[in-house]
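The residues making up each chain are set out below.
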Amino acid sequence: MDWITTVDHKKIAILYLWAGGLFFGIGGIEALLIRWQLIKPMNDFVDAQTFNELITMHGTTMIFLGVMPIIFALMNAVIPLQIGARDVAFPFLNALGFWTFLFGGLLLNLSWMMGGAPDAGWTSYTPLSGTAYSGTHGVDFYTIGLQIAGLGTLIGGINFLATIITMRAPGMSFMRMPMFAWTTFITSAIILFAFPAITVGLVLLTFDRILGANFFVPGGGGSPVLWQHIFWIFGHPEVYILILPAFGIISEVIPTFARKRLFGYSSMVFATILIAFLGFMVWAHHMFTTGLGPVANALFAVSTMLIAVPTGIKIFNWLFTLWGGSVRFATPNLFASGFIPTFTMGGVTGVMLASAPADFQFHDTYFVVAHFHYVIVGGLVMGLFAGLHYWWPKMFGRMLSETLGKWTFWTFITGFHLTFFVQHFLGLMGMQRRVFTYLPNQHFDTLNLVSTIGAGLMGIGTLVFLTNIIVTSKKPPDAGDDPWEDGRTLEWSIPSPPPEYNFKQTPLVRGLDAFWKEKTAGNKGMAPAEPIGSIHMPSATPLPFIMSVGIFIAGLGFMFSRDHFGSALVSFLFNNYIVTGLGLLITFGAMLMRSLYDDHGWHIEPGELEGR
Amino acid sequence: MTTTHAEPMNGGLPHEPEKATAEGRNKVLAFWLFLGGEAVLFGTLFATFLALRNQTNEGPAANDLFHLPLVAAATFLLLVSSLTSVFAIQAMHRNRPALLRNWLLVTVVLGLGFLGLEIYEFSQYVGLEKFGMTTSAFSSAFYTLVGFHGAHVAFGILWISLLIGQLAYKGLTTVTAPKIYVSAMYWHFIDVVWVFIFTVVYLLGKVG
Ligand code: HEM
Ligand SMILES: [Cu+2]
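Residue numbers (the UniProt record's numbering), protein chains in the order written: chain A, 1 to 612; chain B, 1 to 208.
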């Protein structure tokens with residue numbers, strides 16, 4: 001019950017972590033099934049339809065329901081602490097964002113049990129995703145499930161923007177803000193400007209499928225290429241929504257374990273902003289082969305390659321930070337250091353793909369699959385592992401086992417390169433993406449076997465990580481305030497896990513790496529910016545949960561509004577939008593309650609603070 | 001428009017009550033951000049409409065359908081309602097709750113008038129011209145863009161009406177003021193969107 005009604009950002013972080021972890025597991029199992037199917041030529045482990053469903057759900061789940069929520073988990077756990085705030089700007093909305101994400105994700109995954117999963121690829125290209133080629137409700141689960149989950153992301157983005165703009169501790173100017181807070185800020189801005197585009201895209205596709213509209217149906221005057229534009233105007237910035245937080249994590253972990261300040265802090269900030277800006281200009285590099293013409297292709301190729309410049313700046317700054325530092329390779333730093341070369345390789349193949357003429361050759365082959373997994377798994381997932389190992393003691397008050405952590409790292413990174421390095425060559429030799437099997441004796445056999453073995457190894461690495469979590473949770477709490485001993489930012493100046501109100505007294509920030517600065521000046525902790533006083537806290541509430549349940553019901557109702565059911569009553573309820581209406585009524589009712597009863601919250605008094 | 005806590009108090013209420021509390025200021029900021037997202041949302045819908053506006057699939061085209069006097073009347077109602085919502089906020093800043101309520105009521109009535117005309121317009125197209133959601137890519141884009149805006153208007157009417165109710169029973173306070181202020185921002189936003197719709201959909205449809 002406590003978990004359903006909580007509005008505490010630290011608990012919401014944990015909710016995001018468990019839910020994201022669950023979906024990550026599902027996506028991982030799907031990946032292993034795909035790889036099992038591809039282990040040998042002409043395999044019949046799954047049929048073509050199931051294979052399509054597996055790749056679609058794997059990609060969709062991983063991106064929207066696996067890694068994004070884990071990013072949000074870390075942001076929720078860390079950002080208020082790093083900027084010296086007691087909470088986020090809108091605790092209620094924070095909870096709402098989580099629950100809409102979860103119910104959207106559940107809806108999407110219900111498709112496995114309700115007559116077929118989406119099968120048009122995670123990009124849902126039309127006309128493949130239209131009713132003509134995709135006759136089950138699969139794609140409806142995709143459009144409506146993602147719509148609901150996307151709502152949660154948008155809410156989260158606005159919340160973090162407002163939090164970072166208004167809730168920084170006294171003295172923390174923007175140019176004294178930790179890099180992870182910076183990348184969260186920029187990521188949230190990208191979310192704000194990219195997600196509404198996919199919102200519209202999903203609405204249009206839903207209307208095509210359920211209301212018989214003609215947006216993407218050539219026979220009615222519609223344009224399939226329009227879908228690609230809308231999808232990628234969102235989709236390319238989405239890639240930066242994923243990778244920028246990883247950049248932020250790496251920029252926190254490396255200075256801590258090199259015991260040196262981040263090299264080129266301000267160039268890191270500007271590189272981040274530049275990447276975000278350029279990220280919106282390059283969407284058509286996914287569409288070179290749709291026939292945009294040489295001029296458009298050239299422009300998009302050049303603007304894509306430009307992004308390599310700020311990204312290169314970042315890579316060199318990390319290397320210069322490590323250079324000459326007294327580097328300690330604890331697990332977080334292993335992942336962070338492993339990130340650098342792996343991500344760089346993904347970047348190099350990215351520049352190769354950005355060359356339009358070359359892309360005509362690479363397009364829709366395993367070369368592309370290798371490229372984006374180097375970026376997303378070798379970059380983002382490694383970054384997430386670094387961040388999870390790094391902040392775990394802060395979140396849960398317990399140090400993860402270093403031995404198991406190192407096992408996780410070595411199995412995962414070995415498995416990763418085994419899986420995806422060979423796919424570059426498979427692609428160059430012409431193995432097509434999204435095809436459920438291949439003929440023997442095309443030189444594909446051995447490399448596919450290697451790839452599948454690698455995937456298994458990655459799975460083992462993940463299991464080691466799970467074991468680590470379980471073993472750790474059985475230990476008594478052992479983490480001090482600053483368990484890595486070289487913490488630089490504000491979160492390390494308070495207990496692990498932090499008390500409900502984070503900071504007894506709001507800290508006064510006197511420079512970049514605020515906590516490190518105090519430590520090197522010989523001070524015991526942060527100087528307070530205010531006297532001890534009564535602390536205002538928001539009250540717990542079930543309304544965000546109820547609102548999300550309502551949206552979930554409304555979504556299901558709308559999806560089945562054209563179906564005929566065995567029972568006349570059920571058909572009546574769905575066909576007349578009564579179920580949809582009921583769901584909306586629940587949501588709006590909860591909104592009304594929220595607006596009528598002002599939540600004055602409660603206070604923690606100084607006496608209670610001292611009692612600890 | 002600088003705001004500090006030290007501004008003259010007005011019968012117990014600060015001069016700009018919507019920005020008197022940290023929560024209020026956060027709300028206004030977040031709403032600006034939200035409107036940024038809304039701008040992208042409508043931008044995408046406009047782009048879609050522009051891409052598909054000539055794809056009539058042998059159904060009615062813009063030129064056959066649109067009746068400018070009707071649309072002009074609707075535009076007039078909505079523009080005036082934006083003005084009356086400005087008056088409402090001015091009344092709020094002068095701490096005149098009754099006047100505030102009345103201007104909000106006028107705004108709602110004008111909004112309802114706009115919505116009525118739009119419903120009439122749509123029903124004409126569907127009934128007389130056989131122009132429905134499924135007719136063509138143009139029709140789909142038209143109903144989606146204009147309908148999305150209409151749904152925003154309907155939501156705004158509902159929202160402001162509920163706020164009028166809250167005003168009656170909670171009075172004008174530093175809790176209700178930010179809500180009213182934000183709803184007025186929203187109302188201006190949908191008004192601006194309509195100006196674009198009037199130009200891009202209707203005027204452009206008539207001339208080109
Ligand atoms: C952890 C081990 C993983 C393995 C073994 C794996 C394997 C695969 C395979 C075999 C495909 C099918 C390629 C095709 O036929 O087109 C695929 C597609 C894909 N994967 Fe992964 N993957 C893994 C992790 C991830 C992660 C963490 C993400 C994202 C965060 C991800 C995102 C995608 C996407 C977006 C696609 C494209 C799906 C589509 O074509 O619609 N994968 N993956
Ligand atoms: Cu891209």
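Hint data in this document are derived by calculation from the structure and do not stem from the laboratory. Each hint should be verified, as a subset may be incorrect.
[What the hints assert, rightly or not] Chain A stretches covered by chain B per the calculated footprint, using a threshold of three residues with CB under 8 Å from any CB of chain B:
#1 160-168
#2 195-209
#3 594-604
[To be verified] Listed below are the simulated EDC-like cross-link pairs for lysine to aspartate or glutamate, each with C-alpha atoms no more than 20 Å apart in a straight line:
#4 Lys170(B) to Asp47(A)
#5 Lys519(A) to Asp563(A)
#6 Lys11(A) to Glu500(A)
#7 Lys179(B) to Asp486(A)
#8 Lys27(B) to Asp598(A)
#9 Lys11(A) to Asp481(A)
#10 Lys524(A) to Asp481(A)
#11 Lys519(A) to Asp482(A)
#12 Lys130(B) to Glu58(B)
#13 Lys27(B) to Asp599(A)
#14 Lys517(A) to Asp481(A)
#15 Lys40(A) to Asp445(A)
#16 Lys179(B) to Glu38(B)
#17 Lys475(A) to Asp364(A)
#18 Lys206(B) to Glu58(B)
#19 Lys170(B) to Asp598(A)
#20 Lys179(B) to Asp598(A)
#21 Lys130(B) to Glu38(B)
Since this is a predicted model, take the numbers as computed values, not measurements. Glycine is no exception: its CB is placed at the ideal position from the N, C-alpha and C atoms.
Q. Which earlier hints can't be squared with this structure?
A. 4, 5, 7, 17 and 21
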